[in-house]
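Trainee: These are the residues of each chain, in order.
2 protein chains.
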Amino acid sequence: MKGKITLKHISKELDVSISTVSKALKDSPEISQETREKVQAFAKLYNYRPNNIALSLKNRKTKNIGVIIPEIVHHFFATVIEGIEQEANASGYNVIICLSSESFDKEVINMEMLANGSIDGFILSLTKETQMKKDYHHLVEVINQGMPLVLFDRIADEIPCDKVVIDDEKGAFDAVNKLIEVGCKKIGLISTVDYVSVGRLRTQGYLKALIKNNIEVDQNLIVKIEDVAHASEMIAPLLDCGVDGVFAVNEAFAMTAINLAHEKGIKIPSQLSVIGFTDGELSKYASPALTTVSQNGHQIGQEAARMLIEKIEEESEVFQTKVVKTKLIVRKSTKN
Amino acid sequence: MKGKITLKHISKELDVSISTVSKALKDSPEISQETREKVQAFAKLYNYRPNNIALSLKNRKTKNIGVIIPEIVHHFFATVIEGIEQEANASGYNVIICLSSESFDKEVINMEMLANGSIDGFILSLTKETQMKKDYHHLVEVINQGMPLVLFDRIADEIPCDKVVIDDEKGAFDAVNKLIEVGCKKIGLISTVDYVSVGRLRTQGYLKALIKNNIEVDQNLIVKIEDVAHASEMIAPLLDCGVDGVFAVNEAFAMTAINLAHEKGIKIPSQLSVIGFTDGELSKYASPALTTVSQNGHQIGQEAARMLIEKIEEESEVFQTKVVKTKLIVRKSTKN
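As you go down the protein sequences, you meet chains X and R in turn. Throughout, the working numbering is defined as the position within the first sequence, counted from one, plus 3. Throughout, the working numbering is defined as the position within the second sequence, counted from one, plus 3.
Okay, chain X solo, but in the shape it has when bound (with noise of 0.2 Å):
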């Protein structure tokens, strides 16, 4: 037989009805044992592969891992997946990785494709569009037929998982706050539009430091970027109207600030102040080194391949949200 099998192959296969496959599938107790055995061999025999999980998971351990990340061109979630490999392949578990590509349908397509008995357990980071659609299906439907997921960083609080999330708000709270103890006094935020949640966080975090620290909170020194290609020209102003401390959000931001100061003639750290977030490549040659937050991407991945091969193995009914620490780490681009 050719081609992918359906439920209507298999139907008209073994004369019984789709309702009858579709039960026999799930292992239904309403079905004799005779006609689930029949239906789920001549499924296996013709690889039928269904909309939902394969059945009998419990019985067949793949010792595989399926990770569902939103783009691979970003060092934090490469950082993540070189935690989860390294944890992984320590319990004796492989890692598949696909892209969802940040489109909810590439992140459904890769959920059924893998939930199909290759693995044993998800680990994700929401699409863009999933967490606007606001529609998790998909990943209600796979914890419903007990294959355990943890989510990571980019999380719903709806979905009922283990999650593992980095406090944004506080990290962005410890580098304006270090700004402030250097002695900068007014301080300049490069951020994202707010319906991205990292950088509705990291904004929160800035107003706070602010706040506490009984400084007054200009909006004109707050700049939120929402297309990058746009940075720079949103960035120069803020540099001409005297600020000496700048955070930003993420690491492109920071080197963008940085590399206009050097246009400008405006010396860092000495009359500037720079500090970014996630702590990758650009940071560590930027020039001076670039003072940033780091996410530990690795300790993300390490405590969401731990949490979910827990689950595999224990299947616990509780769902723990681990918050990773976030840390500052102190280069150049800040005054001593």
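I should point out that these hints are in silico values taken from the structure, not numbers from a laboratory.
As the list makes no split between identical chains, a pair holds if one copy fits it or if it spans any two.
Here are the simulated SDA-like pairs of lysine to any residue, each with C-alpha atoms no more than 20 Å apart in a straight line:
(1) K173 x Q302
(2) K227 x A239
(3) K335 x S290
(4) K66 x S319
Using the hints provided, position chain R relative to the given structure of chain X.
Mentor: Relative to the frame of chain X, chain R by itself:
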């Protein structure tokens, strides 16, 4: 039946010899059709995972492509994967990624896992260990069993399959030629040790460009770095001996040279022109922005996916090696 099923389990359960099971799984005509069907249905039912490719691949198109790369925190591989995704998705294929993490064993394990019915073909870049061992049995086995394979970047001539490479030597030649064109007389090379094939090829390109322009090769101007941790201390003496041009075989080495020049008060590009290799984030955000050789990773990925899908769908026996051209991206780290 819990745990991983072996040939032994099947043999015992169905009361036939292991050799019969093995042959039946390979659909050998030596075995009666009845026994073949019985063994195959049993194997499917209990998710038997053989060390070779599952049967009747031609009837079981999964529409999945497996990609195995040596590392993920690497801009080049990330862009190759983007290219693969784009081309594969356009043709209705999903992409499954595994990391070999520069380990021969992980490469073998991942290939075995994916080859077992999860995918229709492989796109792979070899680990350094595989290249050093020259052990390609796992690749040859997959090819012999009719599964298409495309190698990219880190290839081996001995493996009969389609390949996608860039012309490393030509890319380096063009870069050094550019330095000579803008007036550099004393050009340093920052390379890797010779057993890294790309470093060796790019070194050859450097030498050829000097020779073609009648510039004497000075071994004192050639630095070969084995351990990245010592890059700074190895590059510093090169800058101290009065070079006016530097070609580095990767981004990180080029950035290290730029940062050392800043520290030493050497002006770029007026006193020193610098060219790197790989057009990643570091090059774009460098100050001054780095002139570099782009490897066109996206195009490599697209070509690899195109070649693989062609083989999956048309099963030709003719193998090609596609050379993707490098491109010199001129920015501000070189004189006009």
